[in-house]
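Make a model of the complete structure from these sequences and hints.
The chain contents come next:
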Amino acid sequence: MPTATRMCVKASILYLILGAVLGAVLLINGWLPLGPAITYVKPAHVHFLVIGWLTQLILGVAWWLFPPMAFRLRGQDYPHGQAQRGSEPLFWVTFALLNAGVLLYALGEPLYAWTGAGPLGGLVALSGLCLFAAALSFVVNLWGRVRRLGRGKT
Amino acid sequence: MPPLARLYVRTAFVYLIGGFLLLALIALDDWLRISRWLGVATITQLHLLMVGWITQLAIGVAYWMFPRLLKKNNPNPHGSDALAWAVYICLNAGLVLRLAAEPFFRMTGQSWLAALVALSGVLQAAAAVGFGLLIWARIRPQE
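These protein sequence lines are chains A and B, in that order.
Here this note's numbering is used: the first residue of the first sequence is 1, the next is one more, and so on.
Here this note's numbering is used: the first residue of the second sequence is 155, the next is one more, and so on.
Hints were generated in silico from the structure; no laboratory data involved.
Careful, some of the hints might be misleading.
As the list claims (entries may be wrong) - Taking beta-carbon pairs under 8 Å as the criterion, some of the chain B residues facing chain A (in silico):
(1) Ala-212
(2) Ser-265
(3) Ala-268
(4) Ala-272
(5) Ser-274
(6) Gln-278
(7) Ala-279
(8) Val-283
(9) Gly-286
(10) Ile-293
(11) Arg-294
(12) Gln-296
To be verified - When the alpha-carbon atoms are kept at most 20 Å apart in a straight line, the in silico SDA-like pairs for lysine to any residue are as follows:
(13) Lys-10(A) x Phe-220(B)
(14) Lys-42(A) x Gln-199(B)
(15) Lys-10(A) x Val-215(B)
(16) Lys-10(A) x Arg-294(B)
(17) Lys-225(B) x Leu-237(B)
(18) Lys-10(A) x Trp-218(B)
Yeah, the Cβ is synthetic: ideal placement off N, Cα and C, and Gly gets one too.
Here it is as structure tokens:
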């Protein structure tokens, strides 16, 4: 399992735990009211589980298991080692953008909903842009690996 | 695929069918007003699919496919069987309890039903922590 996958999977498991604990707190709040602010964490609960956990797990496992690159640049041999997986720096950019997006959203959205402060709305918008950029960079990086197994096959 | 992974995946399939069946019934209820229970079951149905289907499938496949523990240090290369069973039981007990209690809580607002729903959340959170403990050591380079 490559390093980038290990980081993605470990981060995704932390989000699973965080999201599930937030979910439990929300359900406990329905029984024993813990305070009016608790309900504001619901969007963070959803984002932690859908993006932080499931999406990030899928990204990490795809980086690990999808077929390696089959094409070569002019005058060069087929890629080998980690290069078969695509651009590792670009994958780290995806990882950073995805996690920045999730954390900015989890922090900014509840505070924005609670206070209505304009700059916090900007933070939420920035988190959306980070997630969009993460999705774009991932797809660009992995596009060439969605193919049949074997060299020269596309 | 080890037996417990098969159990996770088959249970996930059951939730897939159950979740979509409930989705169809809720859609029918929107049109024909079949039952008040269906009118308040949307959030529960969503959780059946997100947790019972997708998350449980991911857990089962991870338990099956992630690099195994080194045999010289661990007699069980998939990790602790007891912990894997505890995760399975907590996750599914939490989901079933939620399915049983949450729609009725939304209909009646009774405190003891709220306590059951809260307990279902605690069980699912315990399953998440247990899965983290179970799988963490297996997130490693393959030899």
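So, going through the hints one by one against the coordinates:
| no. | hint | result |
| --- | --- | --- |
| 1 | Ala-212 | holds (6 Å) |
| 2 | Ser-265 | holds (7 Å) |
| 3 | Ala-268 | holds (4 Å) |
| 4 | Ala-272 | holds (4 Å) |
| 5 | Ser-274 | holds (7 Å) |
| 6 | Gln-278 | holds (6 Å) |
| 7 | Ala-279 | holds (4 Å) |
| 8 | Val-283 | holds (6 Å) |
| 9 | Gly-286 | holds (5 Å) |
| 10 | Ile-293 | holds (5 Å) |
| 11 | Arg-294 | holds (7 Å) |
| 12 | Gln-296 | holds (6 Å) |
| 13 | Lys-10(A) x Phe-220(B) | holds (12 Å) |
| 14 | Lys-42(A) x Gln-199(B) | holds (17 Å) |
| 15 | Lys-10(A) x Val-215(B) | holds (16 Å) |
| 16 | Lys-10(A) x Arg-294(B) | holds (10 Å) |
| 17 | Lys-225(B) x Leu-237(B) | holds (18 Å) |
| 18 | Lys-10(A) x Trp-218(B) | holds (17 Å) |
Figure legend: structure checked against the earlier numbered hints; every hint is met.
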